[in-house]
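Chains A, B, C and D, in that order, give the protein sequences. My numbering applies: residue 1 is where the first sequence begins, and numbers increase by one. My numbering applies: residue 1001 is where the second sequence begins, and numbers increase by one. My numbering applies: residue 2001 is where the third sequence begins, and numbers increase by one. My numbering applies: residue 3001 is where the fourth sequence begins, and numbers increase by one.
No lab work stands behind these hints: they were computed from the structure. Note that CB positions come from ideal geometry on N, CA and C, so glycine has one too. Just so you know, not all the hints are guaranteed correct.
[As the list claims (entries may be wrong)] Over 12 Å on every C-beta distance to chain D, these chain B residues come out as not near it, computed from the model:
| no. | residue |
| --- | --- |
| 1 | 1026 |
| 2 | 1048 |
| 3 | 1057 |
| 4 | 1065 |
| 5 | 1069 |
| 6 | 1126 |
| 7 | 1155 |
| 8 | 1221 |
[To be verified] With a cut-off of at most 20 Å between alpha-carbon atoms, the simulated DMTMM-like pairs for lysine to aspartate or glutamate come out as follows:
| no. | chain 1 | residue 1 | chain 2 | residue 2 |
| --- | --- | --- | --- | --- |
| 9 | A | 213 | A | 13 |
| 10 | B | 1182 | B | 1135 |
| 11 | A | 240 | A | 13 |
| 12 | D | 3278 | D | 3413 |
| 13 | D | 3514 | B | 1018 |
| 14 | D | 3514 | B | 1161 |
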Amino acid sequence: MAEALVLDGVAIEDTFAEAFGMRATRLVVTAASPTWARHAAQTFTGFATSVIACGCEAAIERELQPGETPDGRPGVSILLFALSAKDLQKQLDRRTGQCILTCPTTAAYGGIAADAAKEWLGLGRSLRYFGDGWQIAKRIAGRRYWRVPVMDGEFLCEDTVATIKAIGGGNFLIVARDQSAALAAAERAVAAIEPLWNVILPFPGGVVRSGSKVGSKYRVLPASTNDAYCPTLVGLVPTKLPPGAGAVLELVIDGLDADSIALAMAEGIRAACRDGTRRGVLAITAGNYGGKLGPHHFHLHRILGALP
Amino acid sequence: MSPARTTTCPFCGLLCDDLEVDPADAKRAPRNACARGRDAYESLAAVDGPPQVAGRAVGLDAALDAAAALLRPLRRPLIGGLDVDIAGMRAILALARHLGAVVDHVSAAKQRNLRALQEFGAITTTFSEVRNRADLLLLVGDGWHRRFPRFIERIVAVDSDLFGPPSRRRIVTLNPIGRDTKAALPQDALHLALDVVPEQLPVLIGMLTAMVDDRPVDPRRSGAVAPALLERCVAWMREARYGVVVWTAADLEGSHAELTVQAITRCIRVLNGATRFAAMPLAGTDGDLTANAVQTWQSGVGLPACYGDGRVVADPERFASPAVLARGEADALIWVSSLGQAAIPAFDAGPTIVFGRADRVFDRSPDVFVPVATPGVDAAGHLVRGDKVVTLRLPAVRASDRPSVATALRGLLDRLGPPC
Amino acid sequence: MTGLTFELRSVPPGIVDGSVLQPAALAGKSRAEIERLPLAAWNETLVVADLFALKGRDAQHVTIHGACDRFERLGAGLDGGTLTVVGGVGRYAGEGMRRGTLIIDGPAASHVGAGMRGGLIDVTGDAGDFAGSARPGAMAGMAGGTLRIRGDAGDRAGDRMRRGTLIVEGAVGGWCVSRMIAGTALVLGAVGPHPGHQMRRGTLLLDAPGCELLPTFNPNGRHDLLAIRLLLDSLAAHGPGVADYGRRAIGGLDRWLGDLAAGGQGEIFVARS
Amino acid sequence: MLTRLEGVRIIDPAHRAGGAVRDLYFRDRTIVAAPRDDEPVDRTWDCRGMIAMAGAIDLHTHIGGGKVNLARALLPEFAAAAPVPATDRCAPCTAGPAPSALATGYRYAAMGYTACFEPAMLPVNARQAHFEMGDTPIVDKGAYALLGNDDFLLRLLAGGAERQEIADYVGWTLHATQAMAIKVVNAGGISAFKFNQRSLDVDEAHVHYGITPRRVIAALARAVHDLGVPHPLHVHCSNLGVPGNVDSTLATIEAAEGLPIHLTHLQFHSYGSEGDRKFSSAAARVAEVVNASPHVTVDVGQIMFGQTVTCSGDSMMQHRNARHGRPPKWIVMDIECDAGCGVVPFRYRDRDFVNALQWAIGLELFLLVEDPWRIFLTTDHPNGGPFWSYPHLIKLLMDRSFRNDVLARIHPDAAALSNLRSITREYTLDEIATMTRAAPAQILGLTDRGHLGVGAAADIVVYEPHPDPEVMFAAPRHVFKDGVLVAERGEIRAVTRGSLHTVKPDFDRGIERKLEPWFARYQTQSMHSFVIGDDEVCECGHSARLIAHRCVRHG
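With the sequences and hints as input, model every part of the structure.
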C-alpha cells in the first residue's frame, strides 16, 4: 500500500494516467496581425478534440510574438496529433488547405527542428497545386518554400514539415463537491498549463466532461460514458466517487514528449488543488485501462513527488 | 589524271556540284562558278611556287626535313587553320596525337551553333528539304547572300513540284538596318522585311517566340519593328506548313550569339507543337563542319582540343587558338590550310610552319611554307556540305604536283620518328 | 596546428589544373607526398614542388599565396574545410564544390563557382564571365550554396543557374542570369543589357532603378512579398550592402515577370532609388 | 604463317561442335585443317582448359554516320567524363554514351567482337558513315541503307510501279551507297512527319502519298528477296516506344507476306497498354508469333540501366518521345527528301516503372523466343545501352538467380507485371555462341565468319572459363582478327583495319534514266555526286579491304 498523498487537503489517488503513442507536428502560422493568425489557428484546430471521430487532435500551443516567428510577424503555434503519419498527412492537407491557405495574409512554417525529425510530411508539396502551375518553389536559408499566388498576394508555406513521435492521452480527473467547484478547479488547471510548451489540451476550453470507459452495451459503440464517475448514477452502478462528490471534470493532455506531459499534469493538478479544501475539491485521480491501452504511464504520486 | 567534266566547288559550304570544267583549258574557272569561286580558281591557277624554308625555295623533302627538325624538340605546338578536307583532317589529327598539340579551326563562329546544340538541342533541315518543301523562309541577317552567293539560285528560287503544284514562297528577311537584300530574293516571292538593329535581334526573336506561344506580350515594346509587321510575321509562321529559319552564325552580333541561336531554336520548338518548322544554320565554308566532324568521330569530342599527355580534352575557351597565343603558351605554330586564305596569326614564341594554299602571300615569310593542293582543284578530296548531312567527293579539276595536306603531313610524321 | 600554405615560386608556362590543392586531396599526406602530387598541364605533368614551397600542416585550412589566372579549377569539388587563395585564380575556381569555404582574395577568371552545389565562395575582387554558370555543354549551372562576388562580375552571371544564391556587390555585364532555371541572384551595382534573357524561373534582384528590361518581361506592379523579405533577411549577413537592400525592399519592389519567350515564370525585382 | 591453338575446347554451333577439345589451326588469315605431321607450326598458343569461339558479330549497332556524330557532339559533358587515354598501341579518345569511332573499335575488339554492322545508313549520308566506319579500327564493318521514307520510292509506290522497277531502285541504292542490306525505319512515318503527320500506323495512309506502311514493307521485303540480298529486310516497326504498339508489330510481320523479315530492337515494339499505367509487357504475345513464324528473325535492343543516348532515323517518334529524355536537350532533323533523324539522350533508371518494365520486356523476349538461331543479342547500341554491357547481359541470360536478384531491385510494380521471375530458362554457352556468332553470320550471308570450320576467316576468340560469365566475356584471353592477335585480356595488342562488307546484286541500270533527272530536278546534288565507287569507299576506310557478297537473284 503506497503512502497517501494529500495536496492542499486534496487526496491524490495512487493511480496513473495511461497514454499512448501518437505522431505529431508543430505548425507555426503567421499573419499580418495576431487577430488573423488566431483566426487561422482557431479554424485549423476546430473539431479536433479526439482522433476517434475527428481524425486528429489539435490545439493552439501558444501565441507567438513577432520576434519568435520565422518571418518576424505575429503568429500562433499549433500542435497536431494523429495515430499515424499517414493520418497526420491527411489532416494537415485538409486543414491547411481549408483554414490557412484561405485566411488573409497568413503563412505556414514547420515548427519542429530538422534534427528531431522522425519523418517528413508534405505541406506545400500538395497545397502548391492550388497555384495551377504558377506556383514557385524557393529555397531560403536551406529550407524549401512554395509561393502560391492568391488574391491578396502570395501564400507562402514550407515544402515539408517534420513529424516526431509523441504521446496522446495524458490526463487527470478533478473530483469536486459540485459542478461549480469542479469547473473552477479545471479552469485553474487550464490556466496553469496554457503557457507551457510542447503540450495542448485538445478539448473545448481544455476540459472534458464526458470521460469514457471502454465498451458499451450497444455493440456498435467502442466507448461509452464512464459510469463509475457519473454522480447521477450513484446507487445504480458501482461508483468510484468518494462520499460528497457531486461532479468530475477531466483534463486531457497531448504532448510531444513524456516530460512535457508530466510537467503539465503536475502544474495542472497543483493549480486545481490550490486551496482545495475551501474550494470544494475532493480528490484527484486519473484515467487508465489497467495498462492495456498504452505504454506510457504517468503515476500521479511520482509526477508530483518529482516536483517539490 | 584526266580532268572531270563536272566538278564541285570547295569554296563555300554549298559545295555546288554543277560546275563545268572547260575541257580545253583546265586553268579557267569552271562554268557556273560564282564570283567568289571564280576568283579562287583563277588565283590558284596563276601561281606555281615551290616550298620555302625561311623564304628560300626548296624541294618538298627539304621543307619537310626542316619542319621536322624545328618541331622535334618542342612540346606545345598549336595546329591552326584546319580548313582542309577529310583526309587532311585525319592527317592533322594523327600529327596532333604525335606532337601532343592543340588543334583549333580558324573559324570560331560555328562554335555558336555547336554551343546552342549542346545546351539546348536543334531541329534542323537540309538543302533538298528547303528546296522542295519550305513554304516560308525566315532569312536572318545577310550572310545567306553574302557568304553563300548561290544559295537563292540553287535552293530557294526553284519551283519544285515534288509535292504538287508549287506555291509562291513566303520570305521574311530579318535584315540589319541599312542592308537591303531584296534584290537577291526570288522575284515572285512574297516578302516581308523586318529590319532590325543587329543587337536587337535576340530581343526580336524573343518577342516572336512569345507571340507564337500565345504569351501576353506587348508587340509595341519590341522597339524598332512595327507591331503590325510582327503580327503579320507571326501569322505567316503559324500558317506555314514547313517553315525554315536560315542564318549564318558568323553574322550574328555580339560575343554571346549562341544565345540567339538558342532563342531561334526555342522558337522553332514551340512552332513544332502545331506545325513543322526547322532551322538551316548555313555553314560548311572553309571546312569548318568537316574538321569538327572528323575530330568528333575520331575522338568523341569537338574542337578546339588538346592532345597533350596522351589524352584528348576539348575546351572551347582554353584551347581557342587566340587564347592560347595570347597566353604565350604555344612553342610552335603549325598552320594547315588548303581551302581558305584567312590571316595567319602573328607568332613570335617559336617557329611558324605553314601548309597553305599555293596562292598564299606572306608579309613575313614563315620558317617553313609547304604549298599544298586545294581539294577539288589540284587534288580530289571530301568535304561536309553546309547542311551537315551530305559529304561530297570533290574531283580534281587539273593535274598538279602539289601534295595534298594528307600526303604532306604524312611526310612530316614519317620524319618525326617515334613520339618523345 | 598551422594551416597548410603553398607559396608560389615560379609561374607555370601555361594553364595548370590546380584542383588537387585542397583539403580532401591533401589530408593525411606527408609533405614529401604533397610535393610529388601531379599538376596536369598541356603536354606535361608538373608536380607541386616544381611550382610551390610548402609551409604548415593542417590540411583543413589550406592557403595558396601568389596564385594567378594560370591556375584553373582551384577548389573544384571542394568538400569541406577552407581554401584561401591570395592573388587571382583562373577559370572554374570552386567548380562543382559541395561544402566548405573557398576564399579568393583577388580576382577570379570566368566560370567561378560553375556547377557548385554547396558551400561558400567569397571573391573579394572582380569575377569574369559565367560566374555561377556551367561548363559549356552542361545543362545546369550553380545548383546550391552561395557565391559572393564583392567586385564586378562579367557577362552571363548565373547562366543556367538552378539553385543557390549569387550575390554580386558590384556591377554585372550583359545577359545576367541568362537561361536561369531557378535560384536567386542579387546584383547591387549596375546591370548590363538583356538581364534575364530566356530565364525560365528564378529570382533576380536588381538595384538599378530605370534599368531597361526586355520587352518579353511584363510589369507586374510593386509588391512586398513575404518570400522576398525572408530571402533578403537570410542574406543580410553577407554585408552591409545586402542588408541595406533588404531594408529598402520593405514597402515593396517593382516586379517584372518573364522571360515570356521561355515560359515566363521568372521574376526580376528592381529597387526604387 | 601457321598458328596452332593447342588443346582448346571448341564451341562452334555452326558445326555442332559443342565442346570438343582439339587443336585449332590457322594460316595467315584463314582457318585450316590440321597440317601434315612434317609441316612446321610457326606459333603455338597453349590454350588447354580454354574455350574457342568464332569472333562475335553485332548485326545492329549504331557505330557511324551523321546521327551518331550528332550524339557525340550533343553530350560533351559525358565524353569529358569518360576519357580513354592513349596506350602504346591506341590513340587517346573518349567513350561517352556515343563513343568515338576509335573507342568503338578498341572496345569491340577487346571484347571479342570482330564484325559490327551499322544498321541505319541514310543513303545521302552514306559517305560520312563509311568514313566513320573506316576510322573504326580492327573490326569488320558493313551498313544497311535506309529506304522507305525516301520520296523517290514513295512516289514509285504511289504511282503503282512495277515490282521489277522497285527491285532495280533498291539494287541501285545498295550499289550506290556500298551497303550490305536494306533497312526500313517507321515505314513512311519519317516522311509523313515532314507533312506534319504525327503518327502513322501500319494500315494508316500517308497524308500525301496515300500509301500505307504495310505497302512499303511488302514492296521492300519483296525487292530485297528478288535481288537475292542475303540479309532479309531489316525492319524498325511503326510506333516505336508507344504503349500498345504490339499490334503494329504483329501487323508488320504480316505485311512481309511470308517473305523473310528481320525485326530489330523488338523490345521497343513489344508494349501492351494494360494495367493502371496503361503500359504492359506484350513480350509473350510477340514471342509466340515469332516462334510460329520461321521467316522471322529478331534482335532485342535490350535496355540497360544508366545514361545513354538514342540515335534513330525515326524523327517522328524521337520528336514525340523527346520530352522523356534526360538531360533535356535533343535533336531532330529532316533530311534531303530521303530520311530523318532524332537524337535524344535517355537515363534509364531501375526505379522508374517504365524503364524497369522495358528492361524486363527485353529479357522476356530473349527467354521466350525459343530458337537462338533467330534472335540476336543487341542493345541497339547506344539506344538501349552501350555495347560494352553485353557481358552483363549475357550473365542475365545465363544465370537465373543473378537475373532474379536484379529483378528484386527494380521498380516493384514493374517486377510484378512481368512474368520474368517465373521463366526458368538459362542460356547455354552454345546458345550464346549461336546468337552472337553463328546465327548473325548466317542471317547476314557471311559464309566465312561466325564459325571455326576450315576456310573460315581466322576471327577467333579464346576465353578463359570463369564461373561468372560476365567476367569471362568481358575480357577474353586472346582475340585474333584475320589471324592477327589484336587483344589479350581486354588490352589491345595490335590495331588493324577491318574489311568492309557489301553486297552487289544484279539490277537493270536503266533505272538511272529515271534517277538522273530526279536528282537534277529535286535534289541538291547530282546523281553522279551521290554514287560512291568501290575505290572511293576503300579510300574512306584507309584502303580497307572491300568484301562484296554475292547475291543470287530470285525474282
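Which numbered hints turn out to be false for this structure?
-> Violated: hints 6, 7.
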